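Colleague: Sequence:
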Amino acid sequence: MDVELLTHLGIYGLIGYMLFVIAMVAKEANVPSVGKLWMFIVLGTGFSGWIVKDIITFAIS
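Quick note: the sequence shown uses this note's numbering, first residue 846, plus one each step.
If you're looking for bench data, these hints aren't it; they were derived computationally from the structure. The model shown is predicted, which means the values in this text are computed figures rather than measured ones. Take these hints with a grain of salt, some might be off.
Unchecked claim - Label pairs and their in silico Cβ distance ranges: (1) Ser-893 <-> Thr-852: 32 to 38 Å; (2) Ile-905 <-> Met-869: 34 to 40 Å; (3) Ser-893 <-> Asp-847: 22 to 28 Å; (4) Gly-880 <-> Val-848: 22 to 28 Å.
Using N, Cα and C, we set each Cβ at its ideal position, and we do this for glycine too.
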């Protein structure tokens with residue numbers, strides 16, 4: 846397999862795991878729905894740049 850493909854799969858796997866961890870923390874802390882939304886927005890901005898970069902490079906190529 847291509848190293849670049851494996852890198853992307855690994856990164857997206859870690860992003861999925863991060864979303865799972867955010868959801869579990871919000872559930873255990875009994876955060877209201879608005880708080881959950883803000884948790885996903887604030888913590889999700891860290892990997893949104895990676896996703897946007899992949900979409901742009903896919904559209905260009």
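Colleague: For this structure, which hints from the list above don't hold up?
Modeller: 1 and 4
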